[in-house]
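Colleague: Residue strings, one per chain:
Number of protein chains: 2
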Amino acid sequence: MKPVTLKQIAETLGISITTVSKALKDYPDVSKKTKALVKDLAQTLNYKPNSFAVNLRTRESKTIGLIVPEIVHHFFSSVIKGIISQAEKKGYLVIILQSNESYTLEKKQIELLLSKRVDGILISLANETANYNHLNSVLANETPLVMFDKIAKLVNCSKVLINDREAAYNATQHLINIGCKRIAHFRGPLLPQNSIDRFLGYKKALLDNDIAYDSTLVYILKDMSYDEGRFYAKKLIQDHKDVDGIFINTDLVAIGAIKEFNNLNIKVPEDISIIGFSNWFMSSVISPSLTTIDQPGFEIGKKAFKLLFREIKNKKNNKKINYKDVILETELVIRESTKTL
Amino acid sequence: MKPVTLKQIAETLGISITTVSKALKDYPDVSKKTKALVKDLAQTLNYKPNSFAVNLRTRESKTIGLIVPEIVHHFFSSVIKGIISQAEKKGYLVIILQSNESYTLEKKQIELLLSKRVDGILISLANETANYNHLNSVLANETPLVMFDKIAKLVNCSKVLINDREAAYNATQHLINIGCKRIAHFRGPLLPQNSIDRFLGYKKALLDNDIAYDSTLVYILKDMSYDEGRFYAKKLIQDHKDVDGIFINTDLVAIGAIKEFNNLNIKVPEDISIIGFSNWFMSSVISPSLTTIDQPGFEIGKKAFKLLFREIKNKKNNKKINYKDVILETELVIRESTKTL
Numbered sequence: 000m001k002p003v004t005l006k007q008i009a010e011t012l013g014i015s016i017t018t019v020s021k022a023l024k025d026y027p028d029v030s031k032k033t034k035a036l037v038k039d040l041a042q043t044l045n046y047k048p049n050s051f052a053v054n055l056r057t058r059e060s061k062t063i064g065l066i067v068p069e070i071v072h073h074f075f076s077s078v079i080k081g082i083i084s085q086a087e088k089k090g091y092l093v094i095i096l097q098s099n100e101s102y103t104l105e106k107k108q109i110e111l112l113l114s115k116r117v118d119g120i121l122i123s124l125a126n127e128t129a130n131y132n133h134l135n136s137v138l139a140n141e142t143p144l145v146m147f148d149k150i151a152k153l154v155n156c157s158k159v160l161i162n163d164r165e166a167a168y169n170a171t172q173h174l175i176n177i178g179c180k181r182i183a184h185f186r187g188p189l190l191p192q193n194s195i196d197r198f199l200g201y202k203k204a205l206l207d208n209d210i211a212y213d214s215t216l217v218y219i220l221k222d223m224s225y226d227e228g229r230f231y232a233k234k235l236i237q238d239h240k241d242v243d244g245i246f247i248n249t250d251l252v253a254i255g256a257i258k259e260f261n262n263l264n265i266k267v268p269e270d271i272s273i274i275g276f277s278n279w280f281m282s283s284v285i286s287p288s289l290t291t292i293d294q295p296g297f298e299i300g301k302k303a304f305k306l307l308f309r310e311i312k313n314k315k316n317n318k319k320i321n322y323k324d325v326i327l328e329t330e331l332v333i334r335e336s337t338k339t340l
Numbered sequence: 000m001k002p003v004t005l006k007q008i009a010e011t012l013g014i015s016i017t018t019v020s021k022a023l024k025d026y027p028d029v030s031k032k033t034k035a036l037v038k039d040l041a042q043t044l045n046y047k048p049n050s051f052a053v054n055l056r057t058r059e060s061k062t063i064g065l066i067v068p069e070i071v072h073h074f075f076s077s078v079i080k081g082i083i084s085q086a087e088k089k090g091y092l093v094i095i096l097q098s099n100e101s102y103t104l105e106k107k108q109i110e111l112l113l114s115k116r117v118d119g120i121l122i123s124l125a126n127e128t129a130n131y132n133h134l135n136s137v138l139a140n141e142t143p144l145v146m147f148d149k150i151a152k153l154v155n156c157s158k159v160l161i162n163d164r165e166a167a168y169n170a171t172q173h174l175i176n177i178g179c180k181r182i183a184h185f186r187g188p189l190l191p192q193n194s195i196d197r198f199l200g201y202k203k204a205l206l207d208n209d210i211a212y213d214s215t216l217v218y219i220l221k222d223m224s225y226d227e228g229r230f231y232a233k234k235l236i237q238d239h240k241d242v243d244g245i246f247i248n249t250d251l252v253a254i255g256a257i258k259e260f261n262n263l264n265i266k267v268p269e270d271i272s273i274i275g276f277s278n279w280f281m282s283s284v285i286s287p288s289l290t291t292i293d294q295p296g297f298e299i300g301k302k303a304f305k306l307l308f309r310e311i312k313n314k315k316n317n318k319k320i321n322y323k324d325v326i327l328e329t330e331l332v333i334r335e336s337t338k339t340l
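So the protein sequences, as listed, match chains Y and U.
According to numbering that gives the first Met the number 0, the stretch in the first sequence is residues 0 to 340, in order.
According to numbering that gives the first Met the number 0, the stretch in the second sequence is residues 0 to 340, in order.
These aren't lab readings, by the way, just hints derived from the structure by calculation.
Hints may contain errors.
Stated by the list, open to error - Straight line, CA to CA, 20 angstroms or less: simulated SDA-like cross-link-like pairs of lysine to any residue:
| # | chain 1 | residue 1 | chain 2 | residue 2 |
| --- | --- | --- | --- | --- |
| 1 | Y | Lys106 | U | Lys89 |
| 2 | Y | Lys115 | Y | His133 |
| 3 | Y | Lys115 | U | His239 |
| 4 | Y | Lys115 | U | Lys88 |
| 5 | U | Lys89 | Y | Ser114 |
| 6 | Y | Lys115 | U | Leu113 |
Claimed, not checked - Derived list of chain U stretches under chain Y, where covered just means 3 residues or more per stretch with a C-beta under 8 angstroms from a C-beta of chain Y:
| # | stretch |
| --- | --- |
| 7 | 15 to 21 |
| 8 | 135 to 143 |
| 9 | 197 to 211 |
| 10 | 224 to 238 |
Idealized CB from N, CA, C, for every residue including glycine.
For reference, chain Y alone in the conformation it holds in the complex:
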């Protein structure tokens, strides 16, 4: 059975398409009797209004686009869940695309979403992204845009963030408080703002505590994977026998490092204390469980959608859009991978 059209309903009842359309929308200039007839038949035939046609009139697709670097990732899947939970409430559908940390792909996906005339776009940038023309073209197109987590400071739009620098400072300060003197840092790639900020927070905590900054203790990771965590844990021990603490840019890497230290019979936290970042569920069930910074993914997703929705509404009502930076709170979660005070 092909989808039923307005035309078929009109022909069946011997009335015009316009009358059918008006009847379904309860226009006052159609008689009650005709409305009842049309509605009954529409229901019997399982008629569904064509959303794309509706779209041409209201200029709304009730669909938003979301681009994330990676989906199989505890933090991003939590964010996605938060976004969808809010979008659902407001009757929006979410098209999800994965950039695989590639700038080229991200650029193509932005173009695709614009050509689909989504009502707005949410994005966390790929690690590779250093050029923001594609984002500026979203704004030039007057499509609301909200960035979260991996953002570009230079792009003038609303953002949902945490204070990465402060969180990293607190993590490093905690390592210092429990007595660590030689603290390494496994940082993310050079471009993303959040790995820059976490590195700066680490460095500032050292300097504020009169611990000399030693650049050889900082390792720049590429794909932030479990395997990289294992690799750099081993390398760190070869390079620096005296290291007693590590602040690691993300939990997955920290979990790899713990596994490697377990294998090498290096005791965590007795020999080395480790702090991760993000608070993946996994971090609470490994042995030893991981001390980390809790980054509220679900809340970030909810807030990002709310900001976007506000901008979509304001645009519709021809109101001025004021961009907003929303900073959500993080928390140090102390578990077994760090010595007790």
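Model the placement of chain U on the given structure of chain Y, informed by the hints.
Modeller: Chain U only, in chain Y's frame:
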């Protein structure tokens, strides 16, 4: 800057909208000079064709819908990644909805996707779903539909599956091979076909090995969570002091059980051997690491999209659609949570 329309391009160049449209599509009845003029201006003005309008002509939205019970879930996020990777290649966008295991929500989401005129729908059913009218209405609407993982046998459409019964049989047989005599099963809810099949595979392995089936050793779980794993591990030990093996419906629950046994000083695998199902990444990093059935989520996602794409193409070409059941291979991954042979 509002999106540029064909009309604006036409007015700017003093030609008709039809000519602009034809020029952009390289129709032979438009002169090369006009084509060049139109294309140059379109590029300068950052003109984007309106996909929704295109849709009215081709009757294609190049968008598919995907409904999963849960996104923050290693298996489903792997499936999503597989689907998106294939969809990307074929130029399709994926709208992702989460049913939260609710039949009511799932039904509403199907209606929403149909009203959006998606080209096809991929679905893994909610645990609650026992009525299939909403799925049959997708088929009645001639919208291609492919089910995966949690499927309804009674719905006549293509499906991507694993042989749950055989995989569960193999897991239970392995517990028997390593010497377990009192084997419990933590099963999923009563409705989903996969938890029925895993239970039947468990039972058949016992009977084939002349081990009496004891229904008090089977626990029916509700939300398949980590916390449920902890709860039932404790309860099992209170109910049955002699249990020496457990086959558990999903890894997350098995990880909860291991954690609880660790806390209770019950040794895994010396006292109790445990086998999970699905092979979440987490299972390889916990202590002891979890023996499990590897369920190829990424491959399931890829295959599901490929089947759907074939049906979308066949429908477009007015070819008959033959439904297919694709069964993917699973594998027993032996790790530390089971005794060695």
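Colleague: Each of the hints needs a verdict: does it hold here or not?
Modeller: Hints versus structure:
Only pairs whose Cα atoms come within 20 angstroms are accepted, and Y/Lys106 paired with U/Lys89 is accepted, the gap being roughly 17 angstroms. Between Y/Lys115 and Y/His133 the alpha-carbon distance is near 15 angstroms, which keeps this suggested pair within the 20 angstroms criterion. Of the supplied pair hints, the one linking Y/Lys115 and U/His239 is violated, its CA atoms being roughly 59 angstroms apart against a limit of 20 angstroms. For the proposed pair Y/Lys115 and U/Lys88, the alpha carbon gap of about 17 angstroms is at most 20 angstroms, so the pair holds.
For the suggested pair U/Lys89 and Y/Ser114, the alpha carbons sit about 16 angstroms apart, so the restraint of at most 20 angstroms is met. The straight-line distance between the Cα atoms of Y/Lys115 and U/Leu113 is roughly 17 angstroms, inside the 20 angstroms bound, and the hint therefore holds. Here's how the stretch 15 to 21 of chain U fares: 0 of its residues keep a CB closer than 8 angstroms to some CB of chain Y, so the rule of at least three is not met and the hint is violated. Look at the stretch 135 to 143 of chain U against chain Y: 4 of its residues bring a Cβ nearer than 8 angstroms to a Cβ of that chain, three or more, so the hint holds.
Judged by the Cβ-Cβ criterion of 8 angstroms, the stretch 197 to 211 of chain U is not covered by chain Y as claimed, because only 0 of its residues qualify and three are needed. With a threshold of 8 angstroms between beta carbons, the proposed coverage of the stretch 224 to 238 of chain U by chain Y is violated, since 1 of its residues qualify and at least three are required.
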